Amino acid sequence: MNMLKGDYMGNKNKMETRNLNLYYKGFQALINVSLPIKENTVTALIGPSGCGKSTFLRTLNRMNDVIDGTRIEGEVLLDEGSIYDAGVDPVVLRKKVGMVFQRPNPFPMSIYDNIAYGPRIHGRKKKDDLNEIVENSLRAAALWDEVKDRLHKSALGLSGGQQQRLVIARVLAVDPQVILMDEPASALDPISTAKLEDLIHQLKSNYTIVIVTHNMQQAARVSDFTGFFLNGEMIEYDVTNIIFTAPRIKRTEDYITGRFG
Amino acid sequence: MVRESFQEQLSKLRNDILQMGNLVENAIDMAAVALVNQDLELAKKVLMDDDKIDQLQLTIESACLSLLALQQPMARDLRFIGTALKINSDLERMGDYARNICKVVLQIGSEPFIKPLVDLPRMAELAQQMVRENLTAFIKQDRDTAFEAALHDRDINKLYNDTFIELVGLMTGDARTIKQSMYLLFIARYLERIGDHATNLSEWIIYMITGERLELGDMSTVNKTNPQE
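Protein sequences, first through last, are from chains A and B.
Under the working numbering, the first residue of the first sequence is numbered 1, with each subsequent residue one higher.
Under the working numbering, the first residue of the second sequence is numbered 262, with each subsequent residue one higher.
Same shape as in the complex, but just chain A:
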């Protein structure tokens, strides 16, 4: 299986950052980060708290734009086009590059309306269309069988693991190309985590996934490529198998073997 992981090396770059610097007021949070994100693969970003991995993730769909005092240098490309160009509408961008957060955040409405919310905003009003989108999204998020009989009940009644898959279904409903996940399993129990990881494996054939995780075993299990961040820099990027068995850089080795600090 690990050998197969190397086979994604030839995939095209769905996204890419080049010499990306990010300043937050006086503080430089990202330093010259150049990272490819291969299409139809899972890229894991690891590193200690405050290393910049979540900040980096948020630059990929311009979520940092909403934070005052943030300034960016360098390039972030989606299908070779810069996502920070003047002509790019962040709302359209975030439809293409969806995001899942640490805590599941279902809207306080029915399961159905949670999924239909995005498509409705983007102009899909027909009942049949929406029914289809809701079912397909829930199926793709491996949640359909568990909720098909209570679609019109509140989403807040779902378990944490189900809520997180609902949030993923909600992202899928607007037909994204890239899915960003910021510690999506950190609030889930082991069984929900296993389901989520299985889901990530399935989604990879249709989407490109970037996941930030503190759990290195999880990064090792789900990802094809791994980038190690430290103090705002990307220290090492390689095929996941190499990062976790024989990393080339000592700081990576020290971090993943727990010899830090």
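One should not assume that every hint holds.
Claimed, not checked - Derived SDA-like pairs: lysine to any residue, alpha-carbon spacing no greater than 20 Å straight-line:
#1 B/Lys347 - A/Ala246
#2 A/Lys250 - B/Lys347
#3 A/Lys195 - B/Gly472
#4 B/Lys401 - A/Glu253
#5 A/Lys250 - B/Arg404
Honestly, the hints are just simulated from the structure, not real lab data.
Computed from a predicted model, the values in this text were never measured in an experiment.
Using the hints, position chain B against chain A.
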């Protein structure tokens, strides 16, 4: 330093592997002395001592599996534990071959040798050297020493071939030498196998140090003349 108890367990595992290596090196040494001096008491001691090696093998195996399950080691720790698990088996097999040699020594008993023993003690010496150098490489994390240790296997294989040809010659010339020739040939074969396992030690220790997977076995010289292969 974080994860202190993990580091302590790794350090204990390292010591156990070293002890295993020392026991095996001694077993090969004693087997060679028992053979040359026809010291049957020493041969029996090697047979008895093999239990210690087997016990230690189980201890090391359990420790490795526990560490894998409980600590989920990564990178150099993973390579170290993987290497420990692999060379543990190689060392145990080498101990078995030392025991097998002693069983043959007991079979030969005090019967006079049909030829002066030169190559067999030399093979045993080289095998011990391979173990010793690999243990040094293991402690010092020294790739070059591990690599050089593996080179002695060529000499062992050459001596094995020489011995094979010489003993076949003796058997062809005088049927009365067949029985002891066969015994000596078994011993030569066991020593040759010890050399192969010692080569595995080099391969795994190099992997532990650098992450490279090398194939150091040089069986070509053996394959040419050995009908068993």
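query = Which hints, by number, does the structure contradict?
reply = Violated hints: 2, 3; rest satisfied.
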